[in-house]
Amino acid sequence: MQAQLPEPVIVIRNVSRRYVRGVDEVHALDDVSLSIPTGHFVGFMGPSGSGKSTLLNLVSGIDRPSAGEVIVAGQKLNDLSEDELAQWRAGHVGLIFQFFNLMPVLSARDNVALPLLLTHLSKTERPRRAEIALGIVGLEHRLDHFPRTLSGGEQQRVAIARAIVTDPDIIVADEPTGDLDARNAEAILSLLRQLKHDFGKTVVMVTHDARALRYVDDAYHLDKGVLLEGEEARLAAEALRATAGHVPAPGR
Amino acid sequence: MALPLSYTWRNLQARAGRSIMTASVIALVVVACSLLLGLISALQRTFVLSGNPMNLVVMRKGSDNDGASQLSVQAYQAIRFFDGIARDAADRPLISPELVVQPFFRTRDGGRENVLVRGVEPVALAVHDQVRITQGRMLRPSAHEAVVGRAVLGRYAGAELGNEIAFGQGKWKVVGILEAGGASFESEVWVDVRELANDAKRPFPYSGVRLRVATPTDLTRLKRRIDDDPRYALEAQPETEYYAKQAKSAGSLYVLVAAIAVLAGIGAGFGASNTMYAAVQARTAEIGTLRALGFSRRAILSAFEAEAVALSTVGFIIGAGAAVGLSRLLDWLMGSIAFGAATFTTNVVRLNVSLSDLLGALLLALLIGICGGLGPAWRAARLRPIEALRKA
Amino acid sequence: MKYLSLVIANLRRNRLRSVLTAGAIMLAVVLVCLLLTLPAGLDAIVENASSNTRISVHNKAGIVYSMPASFVRKVRQVDGVAAAVATTWFGGAYEEAGRVTFPNFAVEVEHIGAVYPDYAIKPEQLADFRRYRDGAIVGRQIMRKYRWKIGDRVTLRSTVWPVDLDFRIVGEIADEDSPYFWMNNEYLDQALKAQGGAGLGITGMIWVRAGDPSRVNSIMRTIDELSRNSEAETACETEKSFFSNMFGSLQGFITIMIIVTALVALCIVFIAANTASMAVRERACEIAVLKAIGFDRRVIFATLLTETAALSIAAGSAGVLLAVAITRALRMFSGWSEALGPLGAFAVSAPVVFQGLALSVLVGLLAGIVPAYAAARRPVVETLHEVF
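These protein sequence lines map, in sequence, to chains B, U and R. Residues in the first sequence are numbered from 1 upward in steps of one, following the numbering used here. Residues in the second sequence are numbered from 253 upward in steps of one, following the numbering used here. Residues in the third sequence are numbered from 645 upward in steps of one, following the numbering used here.
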């Protein structure tokens, strides 16, 4: 008897996303289907306009598909209303963006504790949890710093701490290394891999950074809204890896 | 090298929504101030226009207005023959004995006001030469007739040509309308002096006397003669001085305009500052570029000040238009507006926003723009090119 | 309430903007309060200062017309009349050469206390008023304005009678807004006779206190009947009606003031709305992130609205307090104004305070609603699309 494979935590079935921009109708995604197993570190890759960010938005529930189904951790996202989606996100998804992650008016600790405001944790519990999260990302000495006094890499780590503080089912990251230099980028990617490794988190990441290929379990390539498969996917991966040659490896 | 005005104008257009909002704040302050200025200057004008510099007002010593004064027949007869009083073509002295009473009049909408009724003799028209009968004719003595001022017309029950108005002990037939170029006489009703004395049962037939002097030197000479006369305790003053004192009490209302100008003006200035600061923040990169290209600090400062002034000018234009429109609407809706509850007389004015009122509002708007823009313009000018470009 | 710290943190974000907005709102609320004192002052006089048992009796033709002094005796005989006092306008000017700056009357000293028991003049002061012919009873507003004390001597020059009289202040009307100055009518009568005249044979106005409010109408009818076809026909009206009519001619002016007040209030809304929309616009991305994390639209709407409302309420409250302080100071200098009568007193009464506070709340809500709603409704992806 074959070993029972664990249920995939994310199922995307025949998903399309169309929207109107000015006079044109843009097909951001065209009949995309894939499933992501629990505990995998997955990358959505592709050039700009490929639809990878759109796909990520559908997975995290920020956006709705024009057609098809998105099921995350057993929840059919289509069944939820706008406000229910927000509530669902609060409990099940941790989000990391490329820019503007943190509220400039809050300290690192308060930024990380922000999602906890949506839970029933008490006033004393919340900062404690935040501190633990910041400890995991190695910023326990920066608790009271404000974003403007943190470096780019540190800010992203605070964002990651915020993403994990509610113990979500999935962690979703949109170009997390886009704004960082080589050393910090490697550090962030390494941290994300650590989350998958040490805590069994499912991490879905959008990136055009070739370095990511060394950290992810699976890479999905998109082009013009379509999921590339087979030969096309391999070629895309090759092309991407070629660009990695231009990036100096650490230590050289 | 200064930045062209088109730069200013295009920037305002680019942020049209916010510009209009800020300009509207200034416009509102302009409307508020213009309306009040229009009202108060209309009131003041009625007094300022009422004095003939060659006329003397003679009253009992110690009275502050002719309604409170009394003058005997003997006193009148004595003064009549003083030297220095001007004479008309028929060699009659231009001296007008008058009786002022303030009876109740019923207004059209059922209210009650004290109106200044002036008992006169026909010579009054010659002494008060600004007064003209523009409709109908002058009243005849002993005929229980009345001539009403233009502002009184239509305000009180029966105050129309050919109708009868009721005050005092009886009814009086309106036979003429008088106009005086906006002077306070237009808020008065004129009747025959003897009939008024009868009606009001006054022991003294006159409250005072107005006379025209022949030459300017006669003005001071006659004044001294009347003041010093030991027989009758009388006081003479130039008519212009008399009305100037009345105008002073209206002038105290300017305090209200000042309060609005200061408080609302500062508030609007703060609002304008806010908008401008946000503009500076949003255009930091742009400013850095301009500085890097070679525009001086002064050029940047002027450009932003110009924007602030342009905003307030737009605000003024909107406000001025709205003020004139609103004043016309209110004038049409409310008709005349009355003042003077505490002095037992009602001065009736019409709300009118004149050019000089708008001028005051323009000054205020410009001040708001200049002061409001100063802080942000200063901040913009102080930006160092490198910092500005880096922030972007 | 756990979001309160977030709201406050956001207000502190751009301190200059918050300060400028708060400053503008505060100043405008001060102005609105000052302007509102005018109609409020009118209401106060007509509603509060008027007793429902007092009747004014005056010549039908006008208050500058007089009645014979003896008429008051007939009035006192009328059934239901508890007390009646004859008063005459003295029109005295104090110092300011020739200008009357407060209303002053010659009254019957034996009867004035009985007609105005609500003025709560101390009995010993009323006794002094009866005892000293040159005594005067003065309202607190005037005592304060000229810094008079009981025992001071003052001189008034009459603008309508050919006399100047010296008075000794023997009592005061305890009401802070009362501008009256009462003197003994026999003192005036004597002074006129000393000049060779006939004395004070007339009275300008008779004030009557009815024993019972329900008798007021019948008393008024009876008094008017008494005077019918005489030399001086009377018209009676209640005290409230008298003041209402007297200041009725200011109605037009008050309407303009209310319009101006509304304009200023609109100003405040615009200023606050401008700030709110600027703040929201700048934080579009942050708000999108918050929504992405899971804060739903209602929370976003509520926190944004609270920001604007909190600022507005705080600033407005400060404005009301400042208005109260300013008018306290102003009362030293202003009071009875010739153009506006008692409205010159700028009294910030309880209704005005309430209106000022209500305005602050309303402004905050009105100004903040549209930007908050727009920001809350905006789909997350729209913002993210714009940025990325």
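Hints are computed from structural coordinates only; laboratory data are not their basis. Think of the CB as a built atom: it goes at the ideal place given N, C-alpha and C, for glycine as much as any other residue. Possibly wrong hints are sitting among the right ones.
Said to hold, decoys possible - Distance condition first, Cα-Cα at most 20 Å in a straight line; then the derived DMTMM-like pairs of lysine to aspartate or glutamate: (1) LYS453(U) <-> GLU877(R); (2) LYS313(U) <-> GLU739(R); (3) LYS453(U) <-> GLU739(R); (4) LYS500(U) <-> GLU739(R).
What the hints assert, rightly or not - In silico negatives: residues of chain B with every beta carbon more than 10 Å from chain R: (5) LEU34; (6) ASP83; (7) LYS224.
Structure-based check of all given hints:
no.	hint	verdict
1	LYS453(U) <-> GLU877(R)	13 Å, holds
2	LYS313(U) <-> GLU739(R)	15 Å, holds
3	LYS453(U) <-> GLU739(R)	32 Å, violated
4	LYS500(U) <-> GLU739(R)	16 Å, holds
5	LEU34	20 Å, holds
6	ASP83	5 Å, violated
7	LYS224	17 Å, holds
Hint compliance for this structure: hints 3 and 6 are broken, all remaining hints hold.
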